[in-house]
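**Q** Input sequences plus hints: build the corresponding full structure.
Residue numbers (our numbering), protein chains in the order written: chain B, 1 to 376; chain G, 1001 to 1527; chain Z, 2001 to 2399.
Relax, there's no trap hidden among the hints.
Here are a few chain G residues that face chain Z, going by a calculated C-beta distance under 10 Å:
hint	residue
1	I1333
2	T1334
3	Y1335
4	M1349
Think of the hints as simulated: they come from the structure by calculation, not from any bench.
Even for Gly, the Cβ is constructed at its ideal location relative to N, Cα and C.
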Amino acid sequence: MHALKEKISLSQLFFLIISFQLGTALIVGVGKEAAQDVWIAFILATILGVGLIRWYISLLFLYPGKDLYQLLEIAYGRKIALLFSFLYVCYFLHSMAFVLRDFGELIVVVVFPNTPIEVIVLTFSLVLAYFAYMGIEVIARSVEIFIPYALFFLFLMILFLAINGSIQPYQLRPVLEHGIFPILRTAYPSLTTFPMGETVAFMLILPITADFIHTKKVAVWAVACSGFLLAGMSALRIAVLGVEQSERTTFPFISAIRDISIANFIERLDALVVFVLLLGVFVKASIYLLAALKGLEYLSGIPYRRFSIPISMLVAMLSVFLAANYAEYKKEIGTIQQILWDLPYQQGLPLLLTIMLFWKHARQKKKGEDAHGQSG
Amino acid sequence: MVNPAEWFHRKKKEVKATVAASLAPRTPQPQSVPDQIDRCLELLSQTFGNTADLATSKIMFGNQPALLVFLSSMTDAKLIAEKIIGPLAISKEMPKYEQNLETYCETMLRGIEYKISNKWQEIIHLMLAGFVALFVESSPCALVLKIQGSSYRSIEEPSTQTIVKGPKDGFTESADVNMSLIRRRILNPALRFESYTLGTETRTPVYLAYIEGIINPGILEEVRIRLNNMQTNAIFDTGIIEEFIADKTLTPFPLTYNTERPDSTAANLITGKVAIIAEGSPFVLILPATFNDFFQVSEDYYQPYMMASFIRIVRYAAFMLSLLLPATYVSIITYHHELLPTQLLISIMAQREGIPFPTVVEALLMELTFEILREAGIRMPRAVGMTVSIVGGLVIGQAAVEAGIISNIMVIIVALTAISSFVSPVYSFSMSSRLLRFSMILLGAFLGLYGVILGLMIMVGHLCSLRSFGIPYLAPLAPLVVADQNDVFIRSPMWAMKKRPYFLHTEDLIKQPRAESPSPPPDGRPS
Amino acid sequence: MKQLTIWLILLSFSSITLAGCWDREELNEISLISGMAIDKGKNAKYRLSLEGVNAAELNPKTRSQGTPTVVYSIEGNSISELAHKTNIGLSRKAVFSHMRTVVISEQIARAGMLEFLDFMERDREIRNDFNIIVATECQAVDVLRMLYPLQRISTAKIHVQLDTLTKDWGGDPNIRLKDFVNAIVSKGREPVAAVVRIRGSKEKGASVDNIQKPTPDGLVEVIGFAVFKGEKMLGILPVHYSRVYLWTQDKLRRTSLTIPCQKNAYLNMRVYNSNTNVEVAYENGKPVIKVGIKVETRLDGSECEDPLEKVETTMKYETLTADYIRKEVASAIATIQKKYKADVFGFGEKMHIYAPKYYNKVKNQWDKEFARAQVKVQVIAKLRRTGLNTNSFLQQMKK
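**A** Below you can see the structure in the form of structure tokens.
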């Protein structure tokens, strides 16, 4: 009946963005420098993140229907665009490896201490390959199915924490004890890169959305909602654990959930929470995978489904090789790495792209006006 | 040594030739009706052979000798004697100008459907359908009269999909009766039946039912194309048609819905779907089907909406339970025993003392035993069926526990699972959950809850990718259409269901434009 | 190409199945550990004792005359290794997820050898829902051996006992692992714990005969409240100090008070609701701590002669109750200030919130500041009801 082009709806986009942002941010403890004011840092980062996504979408609006790689081609011409696309593909795959590694570490520490991490990462990659093979529509629909339960579970966890009496708001005080600078230092570049700036991957997904004109509003709302949700969760984590314990745990949210013990019946819930977090990790990894696969499609011309299994296996291997131990891993996601590796892709290259695109767009408009003026 | 490639190609050619030969008609058939009745008799014996149910009798039509032929297995001899031989006897006294077939039909035959034809194939086809053929000497045409009296099962309560409150008639094996059951419920000229003849050997009449003006023409066209492209030699049940026309994806989930209930069929037709009725099968196929169709029973609409909503939620929960309960149990007991409260864990440990098998082996053994019991319960003759299946289940379970082979709690789990799997109203759907349950148990045994969740994700992903005649299988849950949620997990009151489901893209979306919720009029004044 | 893909997928699947399952623990291969006891070892740093549950004994159907638990001790230098080494004597793998109580002997507590708490916090099996208590006048392992008729696992009995005691009288500070560790680390708070002792005979209480008598030969009793400074235990105070501690933390809900109204005549008050508000401030170079307690009580029994229907009696009793509570709380805090100089009540943390600048200057000597702090206790007591009777029959007797 209609052309066989993939389309996702606005509500699916909304849920995708929310799950993506919540993804690994709930697992890893970010913003440790800001101590009990981390939630303020998150709010600031959300504002910056909203600005970032508006910027990305305005680039997409210039040439509707074109995604990131095609925009690079328009701006730079095919040869340089190939190089930049290749770099972006590497970036997306690298980020996906981090996501897989995060998740693998979580499972291996909390749930299955004796299982090798390769097994976890491998099985997850197989499932991701299956979903990537089926396409973005299936991923979006699956997220629509799972999201009510995941959000309900999250809400239930918060409720249990409240009933248990674990939430002690006094641990959030004194506010601004060390001044505003630790907060600012945490908000940029740490929180703006992770998790806010990672929405650059959505530059591949947004052009596929139906009702493209409304995507700006939807995406902004989604980023804002998820940002405030993360701010709330980080405040919760400080309120439950306190500053000192929150600094020394590997997985703050999990440690907070371990506190719950209601009526000697509802307790020891961390294995269940892990599987709720699985949804966020799944969405994040599959969006990155899709972004990378589309890049490969752009580079080689072969439909991206063919690449799904080999590439996801490759990333599974990469996630194990990323770091040999936890200390090395912490270094890999440290601030220096963020400035050197994440910032160029999230803000540097898009900045160059913006300049080139606006220049080309203005030139095209002028040309169009000239032609119009001549013919008219 | 035979070259394998050469041998393979040769075999392929041979198979092709055999197929082509089988599709060709057996003997050349004449085109038109011969004038002489003797010649007609010859042709009849050629076509039908010496079959015992072909009855021929020579009678007089006016002054002409005529041949009355019918298949006694398809017609009712008494009715023939009453309705045909009687008037024919009188025909002797007809004035000459009336001894023409057409005028005879118009004047003498009342209330009998007739067709005058000179095409041999058509006459044979109609005779097979239960018509009586009258060949008159020196007339190039034959008169075919409809006396259908072949016995069929009377209308009884359907054996599957029973309900408590609502109509209790079910389809039978005769397509005519089934069509009448539907037509009686939709007294609307827009209800159309299109007839097809499928199956090269059986030549089964198959009817496609739809309501013009509601059905999406795209879906209708697709169904027609698929029915026309069917190439098979026998149709005994709509299940065979289902396998040919359903979307070709490898899936344990059924992509068409079959029902034995006419009210359910009529409701689906009005919603905007098509129904396929086959002669000889009491099950009617309804397409396109979605996942939620398999959780809806017509009783949901006849009972008050709050109760119906609750029961519907119970049905969904029972499906998830039957799918996941043994797998969750196995994975928690084997990997995650810290999830259980201490007291429960201690009592389960006490029960499992001395059991020689690991939990997963226990679970698989019990599930297999239950499958065997269930299948035996269906196939056993009715007289012994009930007792043996229940007692067998209890006795085997109890004896196994006493012998120390399985634990009590495993019996409970398996029994719960089995009962939950019967909650799904459509039998073919419970098959899919049974298949998936085994793979979930294995996943749970190898990777714990992580494996179960991965299996669930793969299942949901697979469901999301399925389409039935272009409609996404999980509509209206994914893609999410908020307006259609009024009939998925809950059933909104009747006055609130104003529109047809959006995903069927029907031509006419509004069901009841002026429906209003009944509420007391303000100020106590009569409304 | 397609074949290769299928092969790769099958290979990766087989990696799951062929290599065996790494984390499988069948239920009849594990032994639930309900309690842990840590003593000072004779030949090594620690002696770890574990109380394992015998599940078949606890189910009424499969019960025989055996013992419901098994206690085993092993010596070594690190609790973490010892926890996995217990199979030297025990048969099944010890699983710590359902631990109820950890008993620390007094020797260990006084020596401050609490480094094993790091192992407990780090391990994923050990949770946050067990009690930490100190055993005095006996070895910690003896506490694990006491069998009790109603609750056949000793540490489960202690867990339930402490829980009920906290809720109904306030005799246990309800210390969990997280509270303990946070108190050690925090500069504004010191850890506390409940102290137990065995009443009766240690040897007789450790046999199955103990369950078969109405008065057990050996019984674990809660006798006091331990004050720590950092990791070292300083001393043991009577049980009512636990109540004061809970009061200052706003965790006390119900308790009973026996207030003398005349010579040898007591007033019994049952507190059923209590709210505490602690305010800290820094005035005139001294920390000032105000503890405001509001309680709602009902009269549970009266031996006094005042007529209970009158409002004046109610007001008199309210004043008596408030005074009694105030004296108890103030004297308890003063004793701890003078004798131990350890801020177990967490006033330092409150100072951190309300007067951060001052606190950040003195936080390394907060205990000394606490010792010289001025503590004001204000109590408002309300007597709401007197139960089923108004006047006592004792008064009617005298008429």
